[in-house]
Amino acid sequence: MTQTIDTTIYAAVSEAIQAEAKRILTAGEVTAVVGYAAARRKGSAQPIVITSAVDAQKLIFTPACVNNLAVYLTKAKKEIPKSGRIGIVVKGCDLKALVGLMGESQLKREQLYLIGVPCAGVLASTIQPDTGLTSDSIAPKCLECDAHLPQGCDFVPTQTPVSPELEKKYAAEIARLEALTPQERWAYWKEQFSKCIKCYACRQVCPFCFCEQCLCDRNKPQMVDTTPRPAGNTAWHIVRAMHLAGRCAGCAECERVCPMDIPLNLLNRKMAKELKELYDYEAGFQVNDKGPLNSYTEKDDQSFIK
Amino acid sequence: MSRIGVFVCHCGENISRTVDVERVAAQVGKMPGVAFATDYKYMCSDPGQTLLKKTIQEQKLSHVVVAACSPRMHEKTFRKAVEAAGLNPYLCEMANIREHCSWVHEDKQEATAKAIEIVGMLVERVKKNRVLPTITVPVTKRSLVIGGGIAGIQAALDIADAGHHVVLVERDPSIGGHMAQLSETFPTLDCSQCIMTPKMVDVANHPNITLYSYSEIEQVDGYIGNFQVTIRRKARSVDEDKCTGCGVCMEKCPVKKIPNKFDCNLGMRPAIYVPFPQAVPNTPVIDRDNCIKFKTGKCGLCQKVCGPGAVDYEQEDRLVVEPVGAIVVATGFDLYTIDEKPKGSMIKGYGEFGHGKIPDVIDGMTFERLASASGPTGGKILRPSDGKEPKQIVFIQCIGSRAREKGISYCSKVCCMYTAKHTMLYHHKVHDGQAYVFFMDARTPGKAYDEFWRRSIEEEEAVYIRGMVSRLYQKGDKIVVMGSDIAVGVQVEIEADMVVLATAIQPRTGADSLAQKLGISYDKYNFYSEAHAKLRPVECATAGIYLVGACQGPKDIPDTVSQASAAAAKVMTLFAKDKLEREPIVARVKEAGCVGCFACKKVCAYGAVEEKEIRDRQGNLIKVVAYVNPGVCGGCGTCQATCPSKSVELDGYTDEQIVAMIEAL
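Read top to bottom, the protein sequences are chains A and B.
Its first residue numbered 1, the first sequence is counted upward by one per residue in our numbering.
Its first residue numbered 1, the second sequence is counted upward by one per residue in our numbering.
No lab work stands behind these hints: they were computed from the structure.
Don't take each hint at face value.
[Said to hold, decoys possible] Looking from chain A toward chain B, a few residues come up when the C-beta cut is under 7 Å (computed):
(1) E104
(2) F210
(3) E212
(4) Q213
(5) P221
(6) V224
(7) T226
(8) F285
(9) Q286
(10) N288
(11) K290
[To be verified] Restraint-style ranges between C-beta atoms, simulated for each label pair:
(12) Q219/B - S135/A: 50 to 56 Å
(13) I305/A - N629/B: 38 to 44 Å
(14) A84/B - K220/A: 30 to 36 Å
(15) T573/B - E274/A: 46 to 52 Å
Glycine residues also receive a C-beta, built at the ideal position from the N, C-alpha and C atoms.
Modelling step: build the complete structure from the supplied sequences, incorporating the hints.
Structure, rendered in structure tokens:
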């Protein structure tokens, strides 16, 4: 049954974001604000970096504000944080990525002014931007969201998002795959990976793929076959999943941008589930010096050795 | 172009029995880059090494592969030979065709094919080896000794007498270990306390020894020559510097009836106590679990009566960090607890013997305390149940030891001898008593050992019955021992007043977690493993760490003392040098790829990773990258495995080398 999701607070949230962005830019607290602005198509949105208070009125928050803006502070956009303290509009899911990046020495908390967004959900990548938010049109990641109201930000509008309990699609799909035999599961992923065209969109959009030179682009030695063939595809996706274990908090940008509809976030969620079960660890809630996969305690599960 | 020389060793027959070494040499000789290949009976022998050196010069070899045993066995040997011939030693690699091939296979055809592949991998790898300069590091000429029993005491005294500082760490409130608990010692029957306590005093008075009693190892960082050891000094509640050891606190303590572990729970002690009167240091400790002050907040009597004001209820655990160059592990043993079946343990227990249920069934150490002049009975052999003198006593050997079905297959080595000693001590003290011993066979190798055992039978009238006991049960105030005499082929039933079980020697509880802190290996029983059973019996595979005493395997006092002096000699050998040459197998950061996530820094166990700023010519900061200090790096490769962008490489084990090996298959 389709449930409508209430997004009426988004208008007030947008106004609050504009006012705060104007204030901090005017006061010189930040040199730039990364946020969302309306794009050309009706109802659509795109990332924007504003540096003057006049532009603050361009900022919006709508169900089309899907992008994880954390990626604008690393990689190709490294010059942005270098210019000074930066304001950034973050949904709860995006904040988890920022928290992870702080733990990995890529960002410093004091360099950021966090404008948190009370968010009931955004649209799925397959839905037209001008559509109303319902349990059908909502992005799958939002169905399992545990961070509708971001914590620990410098500013959060006062509105409270209404978030009904919805059916968790990833959890159900993981349960379905776990019930399969290893052969069946392997056949499933082999088929999924065979679709990959090695466009690396998943890598470009991922806030945690911040290496300047990806090991998959190295050729001495060549660790991963670069052509879109089964062996190299599988290697790439396994390397990606392993590198994200204990770090990815599920912004699902990889899955959103994948032109071949490979369920990449499903793989990430499975890894996250493993970490939760093995180490009682969930990424993105606090700045950790050392994740569970980088540390050893005597309590760690060692059953795999014997 | 590489000119690789390959030398295939027969290892006597160890390799050539299963691997066609001539064929290996012939096949490898055809591989690209190989200029010379031959086989030889013993490559590690003097003529073998001479062959290696001569060929390097005659054939102008650029790299060398020796196909022989494990690099852990002879890598150093061959690298030294290669260096003597004028090549950089790190241009020599070993292909292990013994442990990895001939020893584990039977089919000669297949083993030969595998050996060719193994050597082929190393040929490809050695092509990518780089010239590595030797790294020298300073040696901290101080040693840590873990465990203050006879093993640790002897090692500490020997090292300290050589003029090097020793930090001796003991878990219990006093040093002395098990030997301090013994009454007399075989095979000479001299009093254990009489020969032990002077050594304990020597430790206390030695200017080169720092004694941390009631302390445990918290953390171990660093490597040979440069360890940093964090020691937890548990709160004693008594200031060691102020206490004069007068003992008034112990007299006045109102809690008196706490079973003393030192006396195997037969004697009692107060809540503030020293485990035994000759304790070193002679400083009491408060047992906080039993002290009224700690339980209710009242009392405080010991503090009131203490003249120098040494009692300190507020004292907390303290952590001290000691830099040392070598570590001697002498943690000793525990006795097998027969009535308990630890959860998850492979040890099964001996419920049928009623230990823990029948009060007069005791273990060997309890008998030692009964026989000891300083023990709870003043040296009289009396039954724990009613204090009567036992007139019939039964000793049962091999409890736990050599009992595969119970989980332990090894021999505990000392029980035959100490049981013979027990029968003698018993006969000396109870003239009209009779001792019986159930035994499988008597193992008495050692100087004057067999004579000692014969004496217990021939002069001290012990009756030895070859056979095992099936059951013990209480009948009135007697214990019925049901066993078999297999020499005669009859069932035997003895109504005994007391039964003494010669229980097995096991490593200390927690031996495994200490091993993990130290980074040393241990066997399935948790005994620590030596580097080589015959040729390196006191060294660990981890450089700079040495083993002494029963933590390595069951040992008697003479063997333990010999091993302690041997380990001390090894430490002194290490300390004879001012600088240590170490393998240049260290990590290097490829700065172009490093994004400064510092995952490497977080996982580095040696603290070798630093942050380095990269600036342009105007001094503008471009980025911050990782830098590995080669003097501190331990070469473990954890950073290499952790780096997400593969920007750290371990020299000698680069990705290029590893992939070259895989691709050669």
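Evaluated hints:
no. : hint                        : in the structure
1   : E104                        : 4 Å, holds
2   : F210                        : 6 Å, holds
3   : E212                        : 6 Å, holds
4   : Q213                        : 4 Å, holds
5   : P221                        : 4 Å, holds
6   : V224                        : 11 Å, violated
7   : T226                        : 15 Å, violated
8   : F285                        : 19 Å, violated
9   : Q286                        : 16 Å, violated
10  : N288                        : 10 Å, violated
11  : K290                        : 5 Å, holds
12  : Q219/B - S135/A: 50 to 56 Å : 52 Å, holds
13  : I305/A - N629/B: 38 to 44 Å : 31 Å, violated
14  : A84/B - K220/A: 30 to 36 Å  : 33 Å, holds
15  : T573/B - E274/A: 46 to 52 Å : 48 Å, holds
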